[in-house]
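Trainee: So the chains spell out like this:
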Amino acid sequence: MLLIECPFCGARPELEFVYGGEAHIARPAADADLTPGQWAAYLYARSNTRGVHAERWRHTRGCGRFFNALRDTTTDQFIATYEIGQARPPSVPAQKIP
Amino acid sequence: MNASGPQESAQPNRLAGAGLIDRIRPLSFQFDGKRYTGFDGDTLASALLAAGVRLVGRSFKYHRPRGILTAGSEEPNALVELRSGSRREANTRATVVELFEGLEARSQNRWPSLALDVGAVNSLFAPIFVAGFYYKTFMWPAVLWEKLYEPVIRRAAGLGRASTEADPDTYEKAYAFCDVLIIGAGPAGLAAALSTARSGARVILCDEDFLLGGRLNGERYEIDGVSGPAWTRQVEAELRASPETRILRRTTVFGVYDGGMSGTHTFAALQRVSDHLAIPPAHQPRQRLWRIIAQRTVLAAGALERPIVFGGNDRPGVMMASAVRTYVNRFGVIPGRHAALFTTSDDGWKTAFDLAAAGVRLAAIIDARSVVAPVLTEEAKRLDTRVFCGAQVVDAHGSRALERITVREDAGRLSQLQIDTLAVSGGWNPNVALCTHLGGRPRWSDAIAAFVPGDVPRGMAVVGAAAGSFSLKDALREGAAAGAAAAEATGFKSVKHREPRVTDELTAVVPLWCVSESKTKAFVDFQHDVTREDVALAAREGFSSVELLKRYTTLGMATDQGKTSSLNGHAIMAALTERAIPELGTTTSRPPYTPVALAAFAGVHRGKHFKPTRLTSGHAWAEGRGATFMESGEWLRAQWFAAPGETDWLTIITREVRAVRSGVGVCDVSTLGKIDIQGEDAAAFLDRVYINLFSTLPIGKVRYGLMLREDGLVLDDGTSARLAPQQYLMSTTTANAAKVMRHLEHARQVLWPELDVQIVSVTEQWAQYAIAGPNARRLLERLLGDAIDVSNAAFPYLACAEFSWRGVTARLFRISFSGELAYELAVPARYGDAAIRAIMSAGEDFGITPYGIEALGAMRIEKGHVTGNELNGTTTAADLGLGRMMSKKKDFIGRVLARRAGLADANRAALVGIKPTDKSARLYAGAHFLTLGAEVSLQNDQGYVTSVAFSPMLGHWIGLGLLVRGQERLGERIRAHSPIRGGDVDVEVVASVFFDPEGARLQS
Ligand SMILES: [Zn+2]
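Each protein sequence line maps, in turn, to chains A and B.
Just so you know, the first sequence maps onto residues 0 to 97 in numbering that gives the first Met the number 0.
Just so you know, the second sequence maps onto residues 0 to 1003 in numbering that gives the first Met the number 0.
If you're looking for bench data, these hints aren't it; they were derived computationally from the structure.
Be aware that a few hints might be false.
[As the list claims (entries may be wrong)] Computed list of lysine to aspartate or glutamate pairs in EDC-like fashion (alpha-carbon distance at most 20 Å, straight line):
id: 1; chain 1: B; residue 1: K738; chain 2: A; residue 2: E15
id: 2; chain 1: B; residue 1: K888; chain 2: A; residue 2: D30
id: 3; chain 1: B; residue 1: K172; chain 2: A; residue 2: E15
Sequences are here, hints too, so could you generate the full structure?
Mentor: The structure is reproduced here in structure tokens:
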């Protein structure tokens, strides 16, 4: 079980959270003249990153808030968590602990 | 003495005075029906050995007689069935079963008795049971499997019997957080715990044993001038007085899992709360499954002594040298009177000296090494014990237990020794299992001829024997240092303390994996009966990698995960294929470290506790009315209310529907999802999530709305009421309430965080009742009186209001699912029971009839309303005849993709009504549509029936379905074919509204 740092509540057990897919994917504006193919890309195309991945999480059984996280998909280590709307922090790899 | 009962046996092998057992508390127990006594503090194994019982089980494949090999959880041989009846448990290890009064145990894998076992003839067929037996057997004729091979194999391969009765005990789960977790309470773990506890950090110390101390209990160590157990008691007292330290005895940390933050990991541990008692005390679980989240970990799990592979090394009486010491020193039990030692390490010699101290002179010390430290041989000489250096035990002999060994002396001469006990030491394997659960690979150490921790999980320090440091001095020093470092790493200041004085010891080892000249079967894996010959066969047949060796021979695949066998097997394979052991590698150990009962994983989530049952506040009333309930999502809802004498559900539903359509009825609709939506931008928000406009909805009005997913398919439908300029109350279907809430939260927080809107689920806060039928208004006038004017002029169709009724805030909505003049009355949930009773009493004069969800379903099909069956994740608004609701004036979720080619295709299936041509025919949901005369094939499939009901108003079955180009085919006759349910009916395609298509009744 992971401990995840909710930006609003602090470190809480993974059981309280639900994964919410890749972060920083903006919904196209109402007046954007996109083809269905571009819309499909918005809905389905994901980077499937091996390494540091920006993703959404929701503290469902806690404050209920969505937030973003940087997680290394190869180690499951959370590098940072931050509020929706904030810029992605620099993806420094997790520091090695002896 | 009871003449008919079995005789109580004495304890011929119990030493006077010695050990950590409580001699004033004798305990009686039974093994295979015979009665024995032991003492409080014994394990089943030590009590059996004290009683002189050596044969305790038969082996898995060959049914060879087996005894007790170890004194710990790694035991591969002494597996017994414990307790009886519903608490009967198979494959418990006698070496860790704590003795309790009245304990019953039975040997396994034998028939008719342990001493005389018919299955032992398997030994005669040994050539067909060799490695790869199962794989090869699978290639025999398949027809013979079920009748011949499988029953035979199952019979032969039994590993105890599980109880078939329900487990009467409870299990629970617990969570703990700490700064430092210390795994193992031997000398290294205790030293770590002391230095961490003294810093003030939160410490959890776990040990699988019921006594703290680890090897300190099994050896004759001295620390600071006191005995190991006495030192342990001092440390334990200090730890117990430390407010931030928690000691979990009888607790096995069996797995390491993800952490998330630097160095933090989650550990799973099983605490055997009541396993040492006959039955758990009241309100105590049998076992408790812990999740322990620790910032830092000190792994002090010790090491496991490894056997040497030689002929007959599985004979009862052949034991690990350290186990012999444990039985002598901790339990005051001598395993036998005529003992010898076969060792390849300095450590093994302690056994000779400990036995001598207990008054047993060894027949011989056989050390495979030609050169041994003089201090050891001199001590042996002083004790007048024969020493053979550079010698090996070639074979051990005996029928049911060890009787004699053949020794090859240095010069090659073979000699025989008559003995009943052979202590064996092949060196020690650090217990690295928990280092490897997150993928770390162990590293080979030539110095100790074993694998030591390689990459360990972040934040974990491995100390003492687990790290390959086998002396007590090193264990204490490393433990204290790691404990201090872990405390510092978690923000505490460690306190320097003096290193204890201990005696030096010798720990040299030269590995001897296997005695090559053995004539008889030499066992590598005792639990799975894998022999040296099996490993050789695997090598000859090319299964020489460790992973293939494991699967081909089943080496290390038993419940002990090869704790005493894997390395020996790998070393033999390495020698046979002329590779170095590190080159061969090692297999991965996985959680759980020792077996964990499934009940512990389930915890309290058994039967009805697996998921909650939600009851509406009107439930007790419905029960009182004799309702039959059914599950709807997590809710229990009234399916129907049978009147006295009614037995047929169709009769009941027909009565309920007719009563509503001709008079008035009431239905509990509290389970529909209710979401309160408030804020400056509430109207704008609803415009974006519904396909139709809600910003134009006047205050005090309700509107039906439809929601799409972003991919253009329908998500859910329902009504939303505008209670105030900035407050809406949305309703959802019962099944989709949580899904819609998630969808809205995502839209609000992720898609449009700039909108000022707050949402909250109020499903459980309100009880809501539908009051439907021509007399609904008259009933409400009587019920609500002056509280609100419900006349058609003041409160027309789709009106809503919040008002005060009898001092309680109530809400009234004029909406109708049944198609009748109908209202939904909502009150705070705590008044739900009072409200339904008030409704019933106000309706008495009108013949009010409570109705369930079957009648509700029949009426909604009569009205062509869609529900979950039609909103099934594959339909569009247009498919359901609701395409024109899609606003062109605004953006909303699903707007663009609802128009994509596949969803706008005119050939899609659309919602229609159907009725059977033969009015007596029954319809079945799920039946597929075919044009008349078309062959039954997938290519000819024209859609399917989604919902059916017997219509009480029309007097025949009716249905809704999705039919290709359905709206153009009204009046056509088609076939509804259900090969599964047997229905094959000609039906007429009709409009989806069967009853009152103009809607005159709901407007009235
Ligand atoms: Zn939170």
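Trainee: Evaluate each hint against the coordinates.
Mentor: Status of each hint after checking the structure:
| no. | hint | result |
| --- | --- | --- |
| 1 | B/K738 - A/E15 | 17 Å, holds |
| 2 | B/K888 - A/D30 | 12 Å, holds |
| 3 | B/K172 - A/E15 | 16 Å, holds |
Going down the numbered hints, you'll see the structure goes against none, and every one checks out.
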